[in-house]
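Participant: The primary structure of each chain is shown beneath.
Number of protein chains: 2
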Amino acid sequence: MSNQIIDKLYEKVEKNGVVCVGLDTDISYIPQELLSKFVNIEDAIFEYNRRIIDATYDVVACFKLQIAYYEALGMSGLRAYSKTLKYLRDRDLLVIADIKRGDIAATAKMYAKAHFTGEFESDFITLNPYMGMDSIEPYLPYLEKHNKGIFALVKTSNSGSGDIQDCIIEGKDEVYEHVGSMIENLGKDYIGASGYSSLGVVVGCTHREQAKKLRKSLASSYFLIPGYGAQGGKAEDVALSLRSGNGGVVNSSRKILLAYKEEENFINFEDSSRKEAIRMRDDIKRAVLELEAKNEG
Amino acid sequence: MSNQIIDKLYEKVEKNGVVCVGLDTDISYIPQELLSKFVNIEDAIFEYNRRIIDATYDVVACFKLQIAYYEALGMSGLRAYSKTLKYLRDRDLLVIADIKRGDIAATAKMYAKAHFTGEFESDFITLNPYMGMDSIEPYLPYLEKHNKGIFALVKTSNSGSGDIQDCIIEGKDEVYEHVGSMIENLGKDYIGASGYSSLGVVVGCTHREQAKKLRKSLASSYFLIPGYGAQGGKAEDVALSLRSGNGGVVNSSRKILLAYKEEENFINFEDSSRKEAIRMRDDIKRAVLELEAKNEG
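As they're listed, the protein sequences go chains A and B. Using full-length UniProt numbering, you'd call the opening residue of the first sequence number 1 and step up by one each time. Using full-length UniProt numbering, you'd call the opening residue of the second sequence number 1 and step up by one each time.
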């Protein structure tokens with residue numbers, strides 16, 4: 001059992017709770033007052049992210065950057081992306097790069113180099129497994145040698161996710177169960193002291209039954225859980241994907257970033273974000289305790 | 001029937017043949033003599049790409065940039081990526097951005113903005129459909145309003161592609177057939193004068209039986225065909241995915257880019273690439289004629 005980054009994430013959750021702040025920063029999210037101080041989009045986005053990070057880091061498990069929002073702003077956006085990653089990593093905070101890449105081996109090696117080293121280095125990345133397990137394998141040496149982690153898509157939170165993922169395979173289970181078990185097997189070599197593997201899975205909380213089934217069948221897979229809040233997932237749904245309040249991190253982007261828009265007289269946007277992160281953490285903690293009481297009762 | 005970019009690609013194939021040059025440019029591919037002229041990686045890569053483009057554009061259908069190779073070089077790589085796209089589009093040459101993105105609707109809109117407009121604008125992009133059809137739909141308005149095109153992954157060329165794609169769905173066909181038919185249906189509104197849709201599919205030529213089946217079942221889907229050459233696919237395999245020598249473009253990257261390494265005394269690397277592109281074009285043309293003769297005989 002080697003040193004695994006998943007153990008570090010596990011510890012963060014033990015200490016700070018399950019919230020993952022999604023820094024899916026759109027320019028329209030930045031309060032006018034802050035935006036007007038900057039000439040470059042790049043600087044405005046980085047400063048916005050920095051303030052959200054500083055205001056929340058001690059009440060959340062980790063951060064997630066959705067790269068699409070940065071790619072949409074071209075080179076400036078990607079510079080802000082790179083700077084935000086560096087800011088997080090310099091402070092020993094954990095960051096997931098939500099890139100959902102997936103390609104053949106030679107190309108996968110390039111993506112691994114791109115997102116596990118250099119200017120876009122992050123701690124965890126998300127991957128799309130549609131091309132098969134040989135499109136995941138080229139990333140695995142980084143789990144062992146560079147202390148990196150992966151979350152592979154298994155059952156996503158969107159309503160169309162059933163188109164492929166819910167199809168029932170002849171003589172087997174649904175596609176998502178099949179994919180989940182292939183990932184779980186591939187991750188056996190990267191299980192840390194926490195009992196979880198640094199090769200984890202993405203399981204949305206918006207599909208209750210599927211999430212429950214996966215939580216049962218995937219013993220050593222850590223969950224990255226999207227779908228809470230803006231996408232309709234509730235704390236009670238999230239609780240089904242956790243084990244004793246750990247075993248997963250729960251992403252929220254817009255609800256945390258735009259919390260200030262819900263307050264009539266907010267003073268600092270980042271204080272509103274912090275309040276929402278704490279509210280979410282406690283909301284999920286309550287649901288976990290209620291579920292445990294029910295299961296014991 | 002509106003103006004569709006797929007018709008432009010169809011015409012290019014009628015005129016220049018089916019070859020798609022894969023500009024998956026790794027620094028190690030650049031001859032030392034050229035590399036040593038540049039201080040910046042960015043300039044070296046762009047100059048290499050430019051020379052390959054200038055040497056091949058009249059004997060090929062289009063170009064494909066595998067973004068992973070550029071992401072792996074950080075900001076410099078992405079600047080070279082952006083410059084290469086612009087160089088191609090300024091010359092009215094067609095380019096496919098091989099990005100294989102796939103995400104929920106709000107994020108998909110960001111990827112569409114990123115790769116169909118601005119600094120990373122291309123003519124076609126590749127998409128991964130694992131998350132379902134609502135992860136493809138946000139790109140479709142660009143097909144109509146901005147004359148753009150898509151190739152969605154259906155059956156990929158790698159050996160592990162069967163892990164998910166070949167699973168047989170209860171009461172239905174294989175996953176790849178199911179995905180292919182969903183994409184074909186979604187593409188019905190974007191069929192051009194050529195009879196093909198600007199929403200096409202990726203079908204590797206390394207899996208003969210699957211490619212044959214898909215060519216039969218997908219009447220209006222244009223094929224982007226990887227797997228020829230370095231990955232083991234032969235002209236005879238490719239011919240099965242075409243119709244009268246059209247209906248698809250066939251990618252080759254390393255075999256065209258590194259053609260100069262096969263020649264003992266090459267003069268210009270780009271001349272070697274041109275020769276290989278012509279050889280490949282004619283190799284496939286021959287196989288198409290042989291297959292037609294066989295089918296008629």
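The set of hints was computed from the structure by calculation and includes no laboratory data. Any given hint could turn out to be false.
Stated by the list, open to error - Mimicking DSS-like on lysine-lysine, the simulated pairs with C-alpha atoms at most 25 Å apart in a straight line are:
hint	chain 1	residue 1	chain 2	residue 2
1	B	K172	B	K109
2	B	K216	B	K188
3	A	K285	A	K15
4	A	K285	A	K213
5	A	K172	A	K188
6	B	K188	A	K255
7	B	K83	A	K109
8	A	K213	A	K188
9	A	K109	A	K37
10	A	K216	A	K234
11	B	K285	B	K213
12	A	K261	B	K109
13	A	K83	B	K109
14	A	K83	B	K83
15	B	K285	B	K15
16	A	K213	B	K172
17	A	K113	B	K255
18	A	K83	B	K113
19	B	K255	A	K109
20	B	K172	A	K172
21	A	K86	A	K109
22	A	K255	A	K285
23	A	K113	A	K188
24	B	K261	A	K109
25	B	K213	A	K113
26	B	K109	A	K172
27	B	K113	A	K255
28	A	K172	A	K213
Participant: Next, verify each hint and record whether it holds.
Facilitator: Hint check results:
{"no.": "1", "hint": "K172(B) x K109(B)", "verdict": "violated, 31 Å"}
{"no.": "2", "hint": "K216(B) x K188(B)", "verdict": "holds, 16 Å"}
{"no.": "3", "hint": "K285(A) x K15(A)", "verdict": "holds, 12 Å"}
{"no.": "4", "hint": "K285(A) x K213(A)", "verdict": "holds, 21 Å"}
{"no.": "5", "hint": "K172(A) x K188(A)", "verdict": "holds, 22 Å"}
{"no.": "6", "hint": "K188(B) x K255(A)", "verdict": "violated, 37 Å"}
{"no.": "7", "hint": "K83(B) x K109(A)", "verdict": "holds, 23 Å"}
{"no.": "8", "hint": "K213(A) x K188(A)", "verdict": "holds, 20 Å"}
{"no.": "9", "hint": "K109(A) x K37(A)", "verdict": "violated, 40 Å"}
{"no.": "10", "hint": "K216(A) x K234(A)", "verdict": "holds, 20 Å"}
{"no.": "11", "hint": "K285(B) x K213(B)", "verdict": "holds, 21 Å"}
{"no.": "12", "hint": "K261(A) x K109(B)", "verdict": "holds, 23 Å"}
{"no.": "13", "hint": "K83(A) x K109(B)", "verdict": "holds, 23 Å"}
{"no.": "14", "hint": "K83(A) x K83(B)", "verdict": "holds, 23 Å"}
{"no.": "15", "hint": "K285(B) x K15(B)", "verdict": "holds, 12 Å"}
{"no.": "16", "hint": "K213(A) x K172(B)", "verdict": "holds, 24 Å"}
{"no.": "17", "hint": "K113(A) x K255(B)", "verdict": "holds, 23 Å"}
{"no.": "18", "hint": "K83(A) x K113(B)", "verdict": "holds, 22 Å"}
{"no.": "19", "hint": "K255(B) x K109(A)", "verdict": "holds, 19 Å"}
{"no.": "20", "hint": "K172(B) x K172(A)", "verdict": "holds, 14 Å"}
{"no.": "21", "hint": "K86(A) x K109(A)", "verdict": "holds, 22 Å"}
{"no.": "22", "hint": "K255(A) x K285(A)", "verdict": "holds, 18 Å"}
{"no.": "23", "hint": "K113(A) x K188(A)", "verdict": "holds, 23 Å"}
{"no.": "24", "hint": "K261(B) x K109(A)", "verdict": "holds, 23 Å"}
{"no.": "25", "hint": "K213(B) x K113(A)", "verdict": "violated, 36 Å"}
{"no.": "26", "hint": "K109(B) x K172(A)", "verdict": "violated, 35 Å"}
{"no.": "27", "hint": "K113(B) x K255(A)", "verdict": "holds, 23 Å"}
{"no.": "28", "hint": "K172(A) x K213(A)", "verdict": "holds, 14 Å"}
Checked against the numbered hints listed earlier, the structure breaks hints 1, 6, 9, 25, 26; every other hint is satisfied.
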